[in-house]
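*Asks:* Sequence:
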Amino acid sequence: MGSIVIPQDLKALLQDNSLSAAVVAISKTGEELFFEGYGKVHEDGKIVDRGSIFWLSSMSKLITTLAILRCISEGQITLDENATRFLPELASLPILYQSNTGKLCTKPRTAPITIRHLLTHQSGCGLAFLRPTLLQYAQENGLMIDVGNPIEYINSDLLDKVVTATLNRLPLCFEPGSGPFLYGSGFDWIGQLVSTLSGQPLETYVQNHICQPLGLTDTTMLFSEIPGTIEENWVRPKTYDTAAESFKTIAADIPRHGIASGSHGFYSSPSDFSKILSVILNSEIASKIGINESVWKEITEPQLINTDASGPESMYACMNGPVRHLFGVASLPATTTFDMGLGGAITKNDIDGMRNKSTYGWHGISNTLFWADREAGIAGAVLTNSFPAADDRLVALARWFEKKAYSTRSDSQIG
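For the sequence shown, the positions run 173 to 587 when our numbering is used.
The hints are simulated quantities; they were obtained by calculation from the structure and are not laboratory data.
Check before you lean on any hint, since a few could be wrong.
[Unchecked claim] Taking lysine-lysine pairs in the PhoX-like style, the calculated list, with each CA pair at most 20 Å apart, reads: (1) K529 <-> K460; (2) K575 <-> K520; (3) K212 <-> K420; (4) K200 <-> K460; (5) K420 <-> K218; (6) K183 <-> K420; (7) K575 <-> K183; (8) K183 <-> K212; (9) K469 <-> K420.
With the hints as constraints, model all of the structure from the sequences given.
*Replies:* Set out below in structure tokens:
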């Protein structure tokens, strides 16, 4: 199954069972090429398998993207339609700017916020901890939610509070479509839009139109919707203990989020998520969930308006700068360049032994990531509930796995 040898330090970590993770790769037809589970779901539990449940964190955006693309395919809305027509709360958000005296002020928005803007991080919707002026505004106006350790997203209702504050009250950072790539809260608005267009909660829409046609049984924002005993399948969150040189389980309650976060609210299993990835690889599978050929093709087309590679807020700067770890690209060479597709990043160059140009992918803060390479006919995902983001050991796992998956595909001539 390929000649890519696992690094010794990573092998030792996996063999001691302290890390709980899964890796899965599939071909264009949805056939599994490679799967391995590591560690246990909890200390007294079973070994991680294809049905183990992980928090997708920001990989939830893929599911939300598929939901709105289905709405677009059905003619309910277009990519370049003004989303504020359907979302009065979004329509009311002003633009934040800094006066000559340094005072933070707001002014009315004049440009439309399109679906395309929201799907490609060009809407002006930001996250306070990534934008100094927005952080200052949030602090001055009592809107700041101290995210602290991201593990708290799992342990409490903090995620709900962050989503509520972001959706209802934080201003835009620039006129939609006029500024740089800005990682932000657009997918929470997309989730709200799907609900508005369908007259259903996002969870219900996803279950009816994505999960059921694809045969997904473990994908949800509500654990109560997952059949079987969640205690047996929920992979407990872990963090790396430097002193012990191993991952340690964090005491965590079973999460039960009350707000449908299109950005980071979904949970899934390796089995289910591989089927979701098959939608990106194969237009015939995409048609099963109502996404037509023309919309499917658009997913991996470059979308950024401002592609200045040298600007401090360009996508290149984001992907290769101080917050590189947030974008799930730490396992790729630093010379890799990116654009945005619909709902995910696309690589602009081939990477030897790994993904090809125009490969679509994204990440999550809990060290989850995926890629879907239409040219090679292969997709893969790494699933963990481990912290901190872009931990060196998990970066090594992601890099080894991607190389292993491509080697496996080459050897078996599948895809």
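*Asks:* For every hint, state whether the structure bears it out.
*Replies:* Evaluation of the provided hints:
no.: 1; hint: K529 <-> K460; result: 27 Å, violated
no.: 2; hint: K575 <-> K520; result: 18 Å, holds
no.: 3; hint: K212 <-> K420; result: 12 Å, holds
no.: 4; hint: K200 <-> K460; result: 15 Å, holds
no.: 5; hint: K420 <-> K218; result: 17 Å, holds
no.: 6; hint: K183 <-> K420; result: 17 Å, holds
no.: 7; hint: K575 <-> K183; result: 15 Å, holds
no.: 8; hint: K183 <-> K212; result: 16 Å, holds
no.: 9; hint: K469 <-> K420; result: 43 Å, violated
The structure is inconsistent with the numbered hints 1 and 9, although it conforms to all the rest.
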